[in-house]
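A.B. asks: Chain by chain, the residues:
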Amino acid sequence: MVSELIKPFDTRYEEYLRDESKMDGKASGISFPRTKEEVVTIVNQMINTSTSITVQGGKTGICGGAVPSEGHILNLSYLNKVIDSFETENGRFVKVEAGLMLSELHKYLNKVDKTYFWPPDPTEDSATIGGILATNAQGICRYFYGDTKQYVEEIKLIDGYGKERIIRRGERIVNEHKCLLESGGTLVVDTALLKLPQDIDLIDIYLGSEGMYGIIVEATLKLIARPKEVWGISFFFEEQENIFGFVEAFMHTSYNEDEAVVAAVEYLDKSTLKHIHVLKKDVTKLRELPDVDEKFVGMVYIELHGNQEEHIEIIAEKIMELASHFQEDDTSTWALSGFEEIEKLRAFRHAAPESMNRALDQVKLLDSRIIKLATDIAMENMTFKELVTKYQQTALEKGINIAIHGHVAGNQLHVDLLPENYEEYITGKKLVKDWVICAVKRGGQAFSEYGVGKIKKALYQLSLSEEELGNMRHIKKVFDTNGILNPGNMLD
Amino acid sequence: MKIAICIKQVPGSNELTMDQEKGILQREDGRVKMNPYDLVAIETALQIKEKYKEVVITSFSMGPKRAREVILSSYAMGVDQGVLITDPKFIGSDVYATALTLSKGISLNEEFDIVICGRQTTDGDTGQVGPAIAEHLGIPHIYGVIAIDKIEEKHIFLSQQIENKKISLRVKMPCVLVISKEAYIPRLPSLKLKLEAKKKKIKIMSFEDLNDSDIRKFGLEGSPTQVEKIYFPNKSKKETLLSGNANVIVDAIIERLKGEKLI
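Going line by line, the protein sequences match chains E and Y.
Here the numbering used here runs 60 ahead of the position in the first sequence, where the first position is 1.
Here the numbering used here runs 1027 ahead of the position in the second sequence, where the first position is 1.
Same shape as in the complex, but just chain E:
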């Protein structure tokens, strides 16, 4: 039974040695469990043979979290069923296995009940639910719907002892830095030190921990009522100063109208638009969109959600009026409505990271040592203009091409460095380090959405004090004494 589940590694499985980070790893074995019982069997076998485990979902991460540094690959892509959907007095829920892809969850929800949805919408819809929860990935509509964690009611996981644990929201809360576990043990969480809420729920410690404390095998997701109407609007600008002016004015105004709200505000710079244009030739979904005129230096994408189109129209008119002060050509703005139609604009926005990965593929052909260099720093205490200008100036000084896209709210911008050779890659690495140090000094959040994985581990640890790392290692030790889960990631 065990030998059937665990396959020795050979060339057939080479694709499982890398993810979107373009890092290459190594492994001695691989398994594709189809049930959580099989996961338990495999984990226990690995404990018995002191073999470390790297967990994989959709391999869409860009920090190398799913790239094995040694040992066994536990690929959860076949653990992909929707178990149940149900309603309680607390709302509507869907229970799924961890390897279910986000796109499949969407399909399922569209089929069984179009009136509800799960708000987190990370770019890659081939990401698995387990991967999304492990990295606490967010997506563009976080602006209105908030953190992914609030849409997770329960997780079932296998810990580093090979034991199944069920963590329900509200059941185990940290109190005065301590949380009693169902095993009888105590978890010490210095919430002040780790900058966490004082009464953090245990489930929120697991979520976003990148599989360091356990392997999520099932999750109960909280659904909410789907807005009846959606609009997507893409504003294009010819001058960078005008983008800054528009964003500044927009973020200082409330546009909500009855039940209609601004759900997403996203920025794409000129370099990103240029790379999407290159990608467009090879992607059917993008080919159907008109070319963006080269005169535009950036785009701001705004998504409006509501239950009545009239309310959305009122917001759209107000935003159009604001934009008219900053746009040279007010007929250039794209506007689509309806879930089917706005997929076109979302595809364009989603093409931003995809186009960066494509550019990296090209450079990697020239020098295989080059891997993904990207940041996702959130700098709330700087203005949008200050942050974008800072990135542009410092990159220019170092002679590195960059592309910026991301969430305008909270200044959570993703910066992709685009080195043309290995020398530039090394320079870019140092630049990322400078940015992270600067962000930490200025009270920013250095790692907001992409995760840490292997690529950002050193920087992550640099951004934390010894005490913070010590507390996190304690948590790791409680759930995974032998450090068998995801070695080389985050805390190692």
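Think of the hints as simulated: they come from the structure by calculation, not from any bench.
All the pointers check out, no bait thrown in.
List time: in silico SDA-like cross-link candidates among lysine to any residue, alpha-carbon distance up to 25 Å: (1) Y:1092 with E:287; (2) E:330 with E:470; (3) E:288 with Y:1226; (4) Y:1228 with E:368.
Covered stretches of chain E, going by a simulated chain Y footprint (3 or more residues, C-beta under 8 Å): (5) 341 to 350; (6) 383 to 393; (7) 397 to 404.
All residues carry an ideal CB built from backbone N, CA and C; glycine is no exception.
Based on the hints, put chain Y in the right spot on chain E.
C.D. replies: Chain Y alone, transformed into the frame defined by chain E:
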């Protein structure tokens, strides 16, 4: 110059339900969108309008009342006026009855110089509505148009793609043009026009407005197509794992492609 374009609201996804008894698609539930092929027809008309003076574009759609949404979408792209031909009597129309209804609606409105249709729809998928409209109107049609090259007083010069051949044609107007999807990339609606669209009027035409009291020509009764059975094709998924070094795998792929007569 007066241009008519024919547009249709189609289901937004491929997951459709069928009325097995009547043999027609059920469209009441679910999401809808503009037929993507019609977007190219609109773009063609708009490009003509941008190049030539005094062009007025009118969009025509036959469908339920909610099909007014596609007329509004056409306004948001830059179309000047729209006509919705709607009546429960038209339910169940096949390609013949649809083309007849549209042609009556078109001919009763204006004397159009050009009627532009998309190549096909994503639901009915016959690709015959455009040519059938031309037949009902008694004017020529050109299928597979890939470019409008020039328009003179009475003639339109255009490029047509038939299989691998590109043909240049001079056609006397009025005529019906059936546009290939590859002809133009349709523009996206602009916010300004989209917001203005709601304020624009849509002319509504019903059975009574078509100047033809013979109901047997319209809707299900006027549709000669008999659908005997509707079913989804069987989906078969077969995976083959090729192993060996790169050369072995490449050879195996080539053999497989040859076997399938793909190369």
